[in-house]
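Each protein sequence line maps, in turn, to chains A and B.
In terms of our numbering, the first sequence is residues -16 to 220.
In terms of our numbering, the second sequence is residues 821 to 874.
Hints listed in this document are in silico derivations from the structure and should not be mistaken for laboratory results.
Everything numeric in this text was worked out from a predicted model, so none of it was measured.
All C-beta atoms in this analysis are idealised placements derived from N, C-alpha and C, irrespective of residue type, glycine included.
Treat the hints with care, as some may be off.
[Stated by the list, open to error] Which residues of chain B face chain A? A partial, calculated answer using Cβ under 8 Å: (1) G827; (2) L853; (3) G869.
[Stated by the list, open to error] The list that follows gives simulated cross-link-like pairs (lysine to any residue, SDA-like), each with its CA atoms no further than 25 Å apart: (4) K100/A x L167/A; (5) K100/A x G860/B; (6) K100/A x D870/B.
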Amino acid sequence: MDLPRTPGTVTDPSPLPRLRSPHLVLVFLAVVTTVAGSVIGLWVVPPDAMQGDVQRLMYLHVPAAWLAFLAFFVVFVMSVLYLIQRDPRWDLLAASSAEVGVLFTALTLVLGSLWGKPIWGVWWTWDPRLTTTAILLVIYVGYLAVRSFAADPERAARWSAVVGIVGFADVPIVYLSVTWWRSLHQPPSSPQSMASSMLWTLMLNLVAFTLVYAYLLLRRYQVAVAEQELDARRAEV
Amino acid sequence: MGYLWVGYVLTWVAMAWFAWRLEARAREVGRRLRETEREGADERRRAEGDRVRT
């Protein structure tokens, strides 16, 4: 991976954009596993005895939530590293992960709403799990807003790193909300509480979503590095 | 079944849209980088020509 060494300079002088082979392999694997996960989730695995076919949304909703957590964990770690080392590559990785995390958090909420309507009878309720997840989305939209508002890139990186670290406190709260408070949302399932065919389908979709995340993160990071390089070259010209 | 299909199609579309936008942005940055590189090279050639003339 090509990483900037100092603000405004990048080790890779090539004008980025074509997908290189490691990315193509990642894209191929992400597409194959996503298609396989969707086909198995929609048609192969049996429907839930209580909820029927709509339960198949679990194969998307749970991986999306997992990716939201993973993305914001990456933001947290990269933000800590940035504040310690002041290396812009950590900041760019954190920002890239936050953007992808916002996508998956929004998907988690929408998919949960689509699942909630036929099962709970409502699109939305101020349930602890739903509310804390909505707060998570607001925090990371705020993270991205902080970056765009601060005029000085170094200050934007520093402020957003603080938001990235403090905001991560909401992730364990989201996870534990179903056990801490009385919740309409079901508690976390365990391998013992699921049929093995459902468990394997869920695992396949988790892998698929993780590969999609890896591709989006790396590509977004590449673009961020190239944009920094562009700014540096324009300053020279 | 309607909710299920909306969920699946929405997920595919959202991920594909994000990736497509990212690729479009990558192409645009690449184009601007090459343009800036060309401008820089022209600038250097002009400066070199001026130096030789003087």
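Checked hints:
1. Contact between G827/B and chain A, as hinted, is supported at the beta carbon level, the nearest pair being about 5 Å apart and thus within 8 Å.
2. Taking 8 Å as the C-beta contact cut-off toward chain A, the hint placing L853/B at the interface holds, the least distance being around 4 Å.
3. For G869/B, the shortest C-beta to C-beta distance to chain A is roughly 17 Å, which exceeds 8 Å, and the interface hint is violated.
4. Restraint check: the Cα-Cα separation between K100/A and L167/A comes to about 13 Å, which is no more than 25 Å; the hinted pair holds.
5. The suggested pairing of K100/A with G860/B is violated, with an alpha-carbon distance near 58 Å, which exceeds 25 Å.
6. Of the pairs offered as hints, the one joining K100/A and D870/B is violated, with about 73 Å between alpha carbons and a cut-off of 25 Å exceeded.
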